Each structure stands twice: as C-alpha cells, then as structure tokens.
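Chains as they are written, first to last, in the numbering used here: chain W, 1 to 273; chain H, 1 to 311.
By construction, these hints were calculated from the structure, which means they are not laboratory data.
The structure presented is a predicted model; accordingly, all values stated were derived computationally and were not measured.
Check the hints yourself; a few may be wrong.
[Unchecked claim] To spell it out: a stretch of chain W is covered by chain H in this simulated footprint if at least three of its residues, at any positions, have a beta carbon under 8 Å from a beta carbon of chain H; those stretches are:
(1) 55 to 66
(2) 83 to 96
[To be verified] Pairs of lysine-lysine residues, derived as BS3-like cross-links and limited to a Cα-Cα distance of at most 27 Å, are as follows:
(3) W/K146 x H/K143
(4) H/K143 x W/K170
(5) W/K213 x H/K218
(6) W/K170 x H/K265
Heads up, the beta-carbon is just placed ideally off N, CA and C, and yes, glycines get one too.
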Amino acid sequence: MVRSITRRRAVFALALAAAAGGGRAGARAGQDADPWPELQRLFFGGRPIVEDPAMVRFEAPARAEDAALVPMSFSAKPPPGDPRRVIRLTLVIDENPVPLAAVFTFGDKTGDTRISTRVRVNSYTNVRVVAELDDGSLHMATRYVKAAGGCSAPMVKSMEEALATLGQMKFRILPPTAEAPGEALIMIRHPNNSGLQMDQMTRLYTPARYIEKLAVHQGDELVFAMEGGISIAEDPNFRFTFKPNGAKEFRVEAQDTTGKTFSGAWPAARDGA
Amino acid sequence: MRYFSSTLVGLVLALAAGSAQCGSVEPLPVREVAPGVFAHAGAIALMSEENAGDIANIGFVVGENGVAVVDTGGSVEVGRRLLAAIRARTAKPILYVVNTHEHPDHVFGDAAFEGSGAAFVGHRNLPRALAARGPFYLKAFRKIIGDRLVDEVRIVPPTLTVENRLTLDLGGRSLELRAWPPAHTDCDLTVFDPATRTLFAGDLAFVGHLPVVDGSLKGWLANFDALAAVPAERVVPGHGPLALPWPEALQNERAYLSGLANDVKGFIARGDPVDSAAKAAGQSLRDSWMLFDAYNARNATAAYAEYEWDP
Chain W
1 MVRSITRRRA
11 VFALALAAAA
21 GGGRAGARAG
31 QDADPWPELQ
41 RLFFGGRPIV
51 EDPAMVRFEA
61 PARAEDAALV
71 PMSFSAKPPP
81 GDPRRVIRLT
91 LVIDENPVPL
101 AAVFTFGDKT
111 GDTRISTRVR
121 VNSYTNVRVV
131 AELDDGSLHM
141 ATRYVKAAGG
151 CSAPMVKSME
161 EALATLGQMK
171 FRILPPTAEA
181 PGEALIMIRH
191 PNNSGLQMDQ
201 MTRLYTPARY
211 IEKLAVHQGD
221 ELVFAMEGGI
231 SIAEDPNFRF
241 TFKPNGAKEF
251 RVEAQDTTGK
261 TFSGAWPAAR
271 DGA
Chain H
1 MRYFSSTLVG
11 LVLALAAGSA
21 QCGSVEPLPV
31 REVAPGVFAH
41 AGAIALMSEE
51 NAGDIANIGF
61 VVGENGVAVV
71 DTGGSVEVGR
81 RLLAAIRART
91 AKPILYVVNT
101 HEHPDHVFGD
111 AAFEGSGAAF
121 VGHRNLPRAL
131 AARGPFYLKA
141 FRKIIGDRLV
151 DEVRIVPPTL
161 TVENRLTLDL
171 GGRSLELRAW
181 PPAHTDCDLT
191 VFDPATRTLF
201 AGDLAFVGHL
211 PVVDGSLKGW
221 LANFDALAAV
231 PAERVVPGHG
241 PLALPWPEAL
251 QNERAYLSGL
261 ANDVKGFIAR
271 GDPVDSAAKA
281 AGQSLRDSWM
291 LFDAYNARNA
301 TAAYAEYEWD
311 P
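Let the sequences and hints guide you as you build the complete structure.
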C-alpha cells in the first residue's frame with residue numbers, strides 16, 4: 001500500500017517535472033506545443049485512446065467564473081448490452097503545473113458513478129476525462145476551458161484560519177432524481193495547498209499539502225476511491241451518484257500528503273426521508 | 001457595455017486632444033462634492049487599455065496643512081492625472097494616500113504619488129493582500145490593460161496601517177478612517193470627513209455597477225447596519241454617481257446581496273450543485289445593474305462556497 005502511494009505520488013510529481021521541462025516551454029512561448037502526446041505517454045503508457053463522447057459524459061464550463069473553483073462533472077457508461085465495466089476515470093488538465101488532477105477508481109458495481117468536483121485551472125487548457133474499461137480500452141471526452149490563475153490564486157482565508165478547521169467533514173445525502181436514485185456529497189475542509197501560492201505574510205510559497213487519497217464506502221461496498229493532486233480545489237468537494245444497496249451507513253476515509261488521516265461515517269438515509 | 005461606448009469614445013478623443021495640445025498631463029475631471037472635498041467619477045466599465053483603468057471613483061480632501069488622496073485609479077496614468085487635478089487646485093503638500101482596498105482599479109495609480117513624501121495608508125490586512133495578490137494582478141492585468149500601462153505600475157505597500165480606526169489630521173479638518181471586517185474584500189477601509197459629513201465608502205458601496213464579492217458575503221451583510229449608521233450626508237461610492245444621499249445609496253446593493261445570499265442558500269438546501277446556482281442565483285435582480293453578467297455568476301459561486309458549510 002505504501003509502495004503504491006509512493007509510486008502514484010511519483011507519477012503526480014513526474015508530471016510536474018514534465019511540465020517544467022522542454023515540452024511546455026514552447027507552449028509558453030506561444031508556439032502552441034500540444035502537451036497531450038507527452039501526457040498520454042506518461043499517464044497511459046502511450047496506449048491508444050479514442051474520443052468517445054457516447055461513452056464518456058463530461059460537463060465543464062467553457063469559461064470559468066472563478067479559476068480556483070471550476071466545477072466539473074463526469075461519468076462513463078458502456079452502451080446497453082455492452083458487458084464491459086468502467087474501472088477508472090482519470091481527470092487531466094493539460095496546461096496545469098501538475099496536469100494529472102485526479103484518478104477515480106470504482107468498486108465492482110459502481111463503474112457508472114457520476115462524479116462532480118471542483119478544480120483549479122491555471123491557464124486556458126484542454127481538460128480530459130479518460131475512462132478505462134475492464135478490457136483495458138481507454139475512452140476520452142475533452143473540453144476546452146478558459147480560466148487563468150487558479151493554481152496560484154492566493155487563498156481567501158489566512159493559513160491560520162484554514163488550519164483551524166482542517167479536516168472537518170460534511171456529508172449529505174441529496175434528493176433522488178430520475179437519473180440518479182442516490183446522490184451524495186462529501187466535503188472536506190482542507191487548504192489543498194498547491195505549492196504555488198505565496199504566503200501572504202512571509203512572502204514564501206506555502207508548501208504543497210493536499211488530500212492525496214480518499215475512499216467512499218456504502219456499507220462494505222467501495223463506491224469510489226480517489227487519488228488526487230494539487231489541481232483539486234481548496235476544501236475538496238465530491239458529489240457522487242450511487243445505487244442504494246441497503247447498507248446503513250457511508251464511510252469516508254481521506255489522507256493528506258503529510259500522512260494525516262480524516263474519516264467519518266454517516267447514515268445512508270436522507271435526513272427526514 | 002454598448003451603453004458606455006459613446007462616452008468612452010468621447011473621453012478618449014478628449015484625452016487625445018488634451019495631450020496633443022499641451023504635452024503636459026491633462027488633469028482628471030473632478031467635482032467639488034463638498035467644500036474642500038473633490039471626487040472623480042470613473043466609468044462604469046471593466047478595466048481596459050482604452051479607459052486606462054479609469055473605472056473607480058477616486059478623490060481628495062484639502063485641509064489647511066495638506067491633502068489626503070483617496071484611491072489613485074487603475075493606472076499610473078490616471079494617478080498622474082489625479083495629481084494634476086490636485087495641483088490645479090492647491091500647492092499644499094500631499095500628506096496621505098489612502099487605499100480603500102487592494103483592487104487594481106483603486107491602487108494601480110499609487111506610483112504617481114511615490115516620492116511625494118505622502119504616507120500610504122491602508123487596512124491592517126492590506127499589506128498581506130498586496131503581497132499575495134500584487135504580483136498576480138500585475139501579470140493578469142498585462143493582458144487586460146496592456147504593457148504600456150502595466151510597465152509603470154508599482155505595488156506600493158502601506159506605510160501606515162489602520163487596526164480599527166485612525167484619525168488623519170489635515171490641519172483644520174480631520175478624516176476618520178475605519179477598517180471593516182471582511183466584506184467586499186478582507187481589507188476594506190472607509191474615509192469619513194466629519195466637517196462636511198462626506199463618506200468615501202470605497203467598494204463597500206456600489207451604485208449602478210454590480211457589487212463584487214471578493215471577501216465575504218456574510219461579512220458584507222453583517223456590516224450593513226454599522227455602515228449605514230455612519231453619520232454621513234453624502235457618499236462617494238467606489239463605483240457609481242458621486243455625492244449620493246446616505247445611507248439611501250446602499251439600498252439597492254443591500255437588496256442584491258441579501259437576495260443573492262437567499263437564492264444561494266435555497267440552492268444549497270435543495271441540493272443543487274454550484275454550477276446550477278451560479279447560472280440562476282440573483283438573476284431576478286439583473287435589470288437593476290450594469291456589468292451583471294461580468295460578475296454575478298462569480299459572486300454566486302463565491303457565495304455558494306461560503307454558505308455550503310453552514311449547518
């Protein structure tokens with residue numbers, strides 16, 4: 001487990017190194033070098049990826065209102081009769097300092113979970129959701145998002161305020177809809193410092209400290225596990241659909257890059273429902 | 001925006017004519033809103049190269065011993081023109097340059113007053129806000145107002161900060177400065193001239209121009225009673241017409257911000273996501289405001305993130 005975390009963190013960091021290297025210098029100089037081929041090689045070993053809007057649904061704003069809080073919503077589902085299962089969704093923000101934003105892994109029965117979260121977007125960029133199916137095939141949806149400065153935008157709160165509430169969790173079961181018989185929201189108070197934000201008093205950069213792992217279980221069943229990087233916005237927020245399985249409670253466990261863990265359990269029934 | 005374009009074109013032509021004629025700095029048009037209290041009305045528009053960042057209301061107060069400047073405009077060019085307007089009326093020294101908060105349209109002109117010997121005055125949180133956001137603003141606004149204007153901008157940290165309240169003596173008249181809890185930003189400062197009961201409210205008062213939430217909507221709503229109780233007769237709002245009756249000038253702003261908060265709380269209670277709230281919250285109030293589409297969705301997003309943690 002520790003080994004795999006270390007390896008994953010290395011991949012998140014590797015992306016940063018790649019971004020800092022020659023591949024991106026051209027883009028900054030306005031030569032529009034496309035970072036995607038290199039990112040595809042890095043994150044997916046160069047395996048073929050098909051643009052597949054029928055399989056991958058992805059909502060992202062064309063223009064972000066707040067670059068440090070850009071809502072995104074995505075899911076993948078094979079067509080009716082297709083027995084394949086979605087095992088993983090990867091969110092990639094091409095032009096961010098760390099392009100690998102998050103990897104969501106699903107349980108045996110939860111591959112069609114829809115995830116909504118909020119990310120930082122540092123400059124005009126393609127954002128991609130890549131779905132991996134259990135036959136190893138990769139399917140992608142891409143959106144172009146206009147936003148700037150999300151990773152380096154200074155925190156609204158002071159660091160002391162952020163640390164005072166760090167780790168607080170809020171969980172809500174949301175009203176069922178026709179599309180989703182179950183939907184819930186997990187929020188965690190955490191500055192998710194990107195390492196690119198200048199401390200307001202010391203003028204030094206606040207070290208990166210972010211939620212790197214999060215897992216949500218309905219009873220004993222894994223709904224999704226997330227491995228995240230610095231592109232997830234402050235106070236990480238995940239909305240997800242689920243199929244009620246009769247379990248009495250949801251459990252959430254999270255861990256940040258300092259090794260600090262956060263957890264909670266909540267009734268699976270809606271308040272007052 | 002179209003509504004203002006003819007005004008802007010007129011302004012630009014007037015500027016061009018002015019600078020061509022004399023080669024010296026054309027004084028910014030200012031109005032004496034009360035004896036010794038002068039204010040300039042910025043355009044209700046987004047900052048651009050064409051308007052040289054002249055979109056905020058700025059001004060100055062003249063005492064027996066010297067002058068206090070309240071905000072310096074969105075470029076050094078505007079700051080220089082404000083200085084020329086001051087010099088057209090008095091040769092007294094500039095004692096203070098007060099910044100009502102850290103936004104570029106209010107502080108980018110500061111460099112025009114560096115070396116004047118004036119003390120730069122701001123909220124206790126202004127140093128950290130400028131340190132944190134100054135470099136970000138310089139980079140981001142290069143694209144918006146262009147290299148020529150940004151090249152000469154310098155972020156000037158305050159030399160005198162206001163913990164809660166501070167009185168500035170201009171000789172024969174004094175100004176009462178007040179530092180507010182987070183509202184429009186986390187470093188809002190107001191300037192009150194008791195002699196004429198004139199209030200420079202900074203961006204705690206928006207009139208016509210949609211209010212922008214960059215601090216705390218909850219805090220802003222909580223400030224209103226205390227703000228309205230400032231015993232002023234007239235206000236120079238941060239954006240909007242000069243010299244409006246006080247506290248009546250706050251009415252529309254208060255209605256918008258409380259309406260926005262109520263809308264957002266409703267969306268959160270129903271479980272609607274932040275992007276739906278950003279599209280719909282506050283929309284019933286759009287006809288009362290200019291620049292609604294430039295700021296409302298962002299305000300709603302910020303409000304959502306602030307209120308969603310409420311029990």
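Hint check:
1. 55 to 66: That given contact holds, which follows from 4 residues of the region 55 to 66 of chain W lying within Cβ reach (below 8 Å) of chain H.
2. 83 to 96: Three-residue rule not met by the region 83 to 96 of chain W, so violated; n is 0.
3. W/K146 x H/K143: 14 Å, holds
4. H/K143 x W/K170: 39 Å, violated
5. W/K213 x H/K218: 32 Å, violated
6. W/K170 x H/K265: Cα-Cα ~16 Å, so holds.
The structure does not agree with the numbered hints 2, 4 and 5 stated previously, though it agrees with the rest.
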